Amino acid sequence: MSHLNVIVSAIADVAEGIRHFTLVDAAGRELPGFSGGSHVVVSMRAGARTYRNAYSLLSPPSDRSNYQIAVRLQENSRGGSRFMHEQVQVGTALEIAWPVNLFAISRVGRKHILVAGGIGITPFMSQAHDLLRTGANFELHYAFRSPRHAAFVDELRRLLGPRLKCYDQSQGQLLDPAALLSHQPLGTHVYVCGPGGMVDAVLDTAARLGWPDAHVHHEEFLAPPVGEPFAIRLAQSQRVVEVGAEESMLEAMEAAGVDVPYLCRGGACGRCELEVLATDGVLEHHDHYLSEDERRAGNKIMPCVSRAKCTFIELNL
Amino acid sequence: MNNLAYKLETFRDDYTFRNSPDAIRRFPFPFDQDHYMYSVNIEPHKPGAPGSVFEHTFDIDEHYVAECADKALTLAQDKGRYAALPHMMDAQWDFLELTMESLARDYPDQFKLSKEGERWTWTNLPLGIEDSFIFGDASTLPMEPLEYMGRQVQGDFVLLDQREGTLFADAGFITSQADWSLAFDIGMAWHEWHGPVPQVEKMGVMERALKFLLSLQQGSPVRRLNWTMTINPRLDTSPEHYPQWGPDKLKVTAENAGRKAHLRVELQGLFRLPRSNAILFSIRCYLMSLEEMATYPRWIKRFHRVIRDLHPDLLEYKGIKVYHAPLMAWLAPHDDGEELPLGTQPE
Ligand code: FES
Numbered sequence: 001m002s003h004l005n006v007i008v009s010a011i012a013d014v015a016e017g018i019r020h021f022t023l024v025d026a027a028g029r030e031l032p033g034f035s036g037g038s039h040v041v042v043s044m045r046a047g048a049r050t051y052r053n054a055y056s057l058l059s060p061p062s063d064r065s066n067y068q069i070a071v072r073l074q075e076n077s078r079g080g081s082r083f084m085h086e087q088v089q090v091g092t093a094l095e096i097a098w099p100v101n102l103f104a105i106s107r108v109g110r111k112h113i114l115v116a117g118g119i120g121i122t123p124f125m126s127q128a129h130d131l132l133r134t135g136a137n138f139e140l141h142y143a144f145r146s147p148r149h150a151a152f153v154d155e156l157r158r159l160l161g162p163r164l165k166c167y168d169q170s171q172g173q174l175l176d177p178a179a180l181l182s183h184q185p186l187g188t189h190v191y192v193c194g195p196g197g198m199v200d201a202v203l204d205t206a207a208r209l210g211w212p213d214a215h216v217h218h219e220e221f222l223a224p225p226v227g228e229p230f231a232i233r234l235a236q237s238q239r240v241v242e243v244g245a246e247e248s249m250l251e252a253m254e255a256a257g258v259d260v261p262y263l264c265r266g267g268a269c270g271r272c273e274l275e276v277l278a279t280d281g282v283l284e285h286h287d288h289y290l291s292e293d294e295r296r297a298g299n300k301i302m303p304c305v306s307r308a309k310c311t312f313i314e315l316n317l
Numbered sequence: 001m002n003n004l005a006y007k008l009e010t011f012r013d014d015y016t017f018r019n020s021p022d023a024i025r026r027f028p029f030p031f032d033q034d035h036y037m038y039s040v041n042i043e044p045h046k047p048g049a050p051g052s053v054f055e056h057t058f059d060i061d062e063h064y065v066a067e068c069a070d071k072a073l074t075l076a077q078d079k080g081r082y083a084a085l086p087h088m089m090d091a092q093w094d095f096l097e098l099t100m101e102s103l104a105r106d107y108p109d110q111f112k113l114s115k116e117g118e119r120w121t122w123t124n125l126p127l128g129i130e131d132s133f134i135f136g137d138a139s140t141l142p143m144e145p146l147e148y149m150g151r152q153v154q155g156d157f158v159l160l161d162q163r164e165g166t167l168f169a170d171a172g173f174i175t176s177q178a179d180w181s182l183a184f185d186i187g188m189a190w191h192e193w194h195g196p197v198p199q200v201e202k203m204g205v206m207e208r209a210l211k212f213l214l215s216l217q218q219g220s221p222v223r224r225l226n227w228t229m230t231i232n233p234r235l236d237t238s239p240e241h242y243p244q245w246g247p248d249k250l251k252v253t254a255e256n257a258g259r260k261a262h263l264r265v266e267l268q269g270l271f272r273l274p275r276s277n278a279i280l281f282s283i284r285c286y287l288m289s290l291e292e293m294a295t296y297p298r299w300i301k302r303f304h305r306v307i308r309d310l311h312p313d314l315l316e317y318k319g320i321k322v323y324h325a326p327l328m329a330w331l332a333p334h335d336d337g338e339e340l341p342l343g344t345q346p347e
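Protein chains in written order, with UniProt numbering: chain A, 1 to 317; chain B, 1 to 347.
Since the hints were derived computationally from the structure, they do not count as laboratory data.
Do not rely on the hints blindly, as some may be mistaken.
[Said to hold, decoys possible] To give an idea of the interface, some chain B residues facing chain A are shown, with a C-beta separation under 10 Å as derived from the structure: (1) P30; (2) M89; (3) E164; (4) G165; (5) H191; (6) L214; (7) Q218; (8) L270; (9) P312; (10) E316; (11) G319.
[Said to hold, decoys possible] Just a few of them, taken from the derived set where beta-carbon distance is under 10 Å, the chain A residues facing chain B: (12) G91; (13) A93; (14) A97.
[As the list claims (entries may be wrong)] Negatives, chain A to chain B, calculated, CB over 12 Å: (15) P32; (16) T134; (17) Q184; (18) R296; (19) E314.
None of the values given here were measured: they were computed from a predicted structure.
The C-beta atom is built at its ideal place from N, Cα and C for all residues, glycine as well.
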């Protein structure tokens, strides 16, 4: 996988627990262009461990002089967001993967409703720039816990004016998906990114109102949950990789030098899918990708977020 | 190649197209064994060996000027060879940027690109073109960006929009297609577009290829080779013009097959584009007559075996069936049955 070497050129606190980083190319060149909704995977070397987390790009896609990301300190961080908050300083060198877009605006949509909750605002930052540039018909609905938690709200207000609608939960302002989705013109697309409950509410409402699946988009990257240690047996290479309680299968394999492809590292894209040949326990699927039938069949796993309660799992790798 | 000598030749009417010994040597011969098996055979589109067709992002060769002239003729006869749906404008600029930057970097003596902010100046020495324009403003170019650069790069180009978990062919510049029609295909989704390829559907190959493409990454383009045969060195073998080239298949004889029958290899590239998140599908066509192929005994012997043993469904699909007999009559004497090592190299 090709990587880009970047340097942190600025850090700012933009809301409670949310830190904003500006990244520039280490050799002073332009960074690759990207499309609204793209993310990058940032590799963080913390001693012997390497964390890799996906963060949405916030900057205007037309500006190739820098990339911007925002990182919320996760309460139960296994280290990635903590590393970004505590170790990274102006001047720190980081390695990032090329931008990938798993949350693109549909270019054939007639109208776009963007729904953000909390840190879920991040992919909409770059999308808003793209939508403005192309003159699209859109509105952004942004719900947050309190003004202290509302990252980028001033910037968005300047940029979007009346297209931005804020919902301050500390003032009892609640975003009602049914009210939002029930009177939209044909050809409208909805995009949601935020806490699981909010994403589910929007998806359920859209389904209930008969919106076509193709018009409903969501992004929800999961952090790999912790669990108990177990071993991966790699059938083709005849190797054994130990997975620690606090690392994902993907991280454990990477640390052992096994090359596994990935894009989102959050159980959403399907790129990391591996075939399970055997296990003496049960698979714990945490991804959003596999269907119910595939889970029941029990022969596929997404190692970026899923694991197993077992002593060993054998993979066709 | 920095000092390309561009040949004056034609891909229609009197068919004066020929390959120089150099062009034959670098021909992307696709058969590494005596038997042809369909496979997806995708590999990273990384710079290949110097002088090979894989050396640069877009290969420019001795046929460049003649091929661009042939494109212009085809387009003049049939405007529909270029088509783009309105939502593909970002992808068009992505295409223009990729092709201009690649050519200027890889062939600095032939193509030049200078940028002052959004004002770009493009110089194409072989075709005598120089234009200044504002990047992102199509009104400052003589035509839409895909058509503009589609006319200046060898090969065909399709821009695929990614949505609804699949890909849609929503823009294209197609002047040298092997047997498929842009007018018919524009806006089509992956599954409809890859009509019935014999022996392929049932293998789930198309499903897997789609999955692969949906996660194609910017900065990691891929390529593959595909092949068929064409009678006479003709680029434009479109269904619309079948009456102009189809009947030629009936004129193949055991005497003229060496001159008339051509191996047609497509170097297909796939690139994820930055602004649009679209995929560029590039199809570059290489033609070589059997006489030219026979300058390398290893190639002609292998080709004889591949054609001799090709599955009847594929013979039909690739349009070879009608002249299979005279073709075999020409090829067989070139093959002494010698055991050939694996690999595509000419000797
Ligand atoms: S990398 Fe996307 S699902 Fe695992």
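* **Hint numbers contradicted by this structure** => 1, 5, 8, 9, 10, 11, 12, 13, 15, 16
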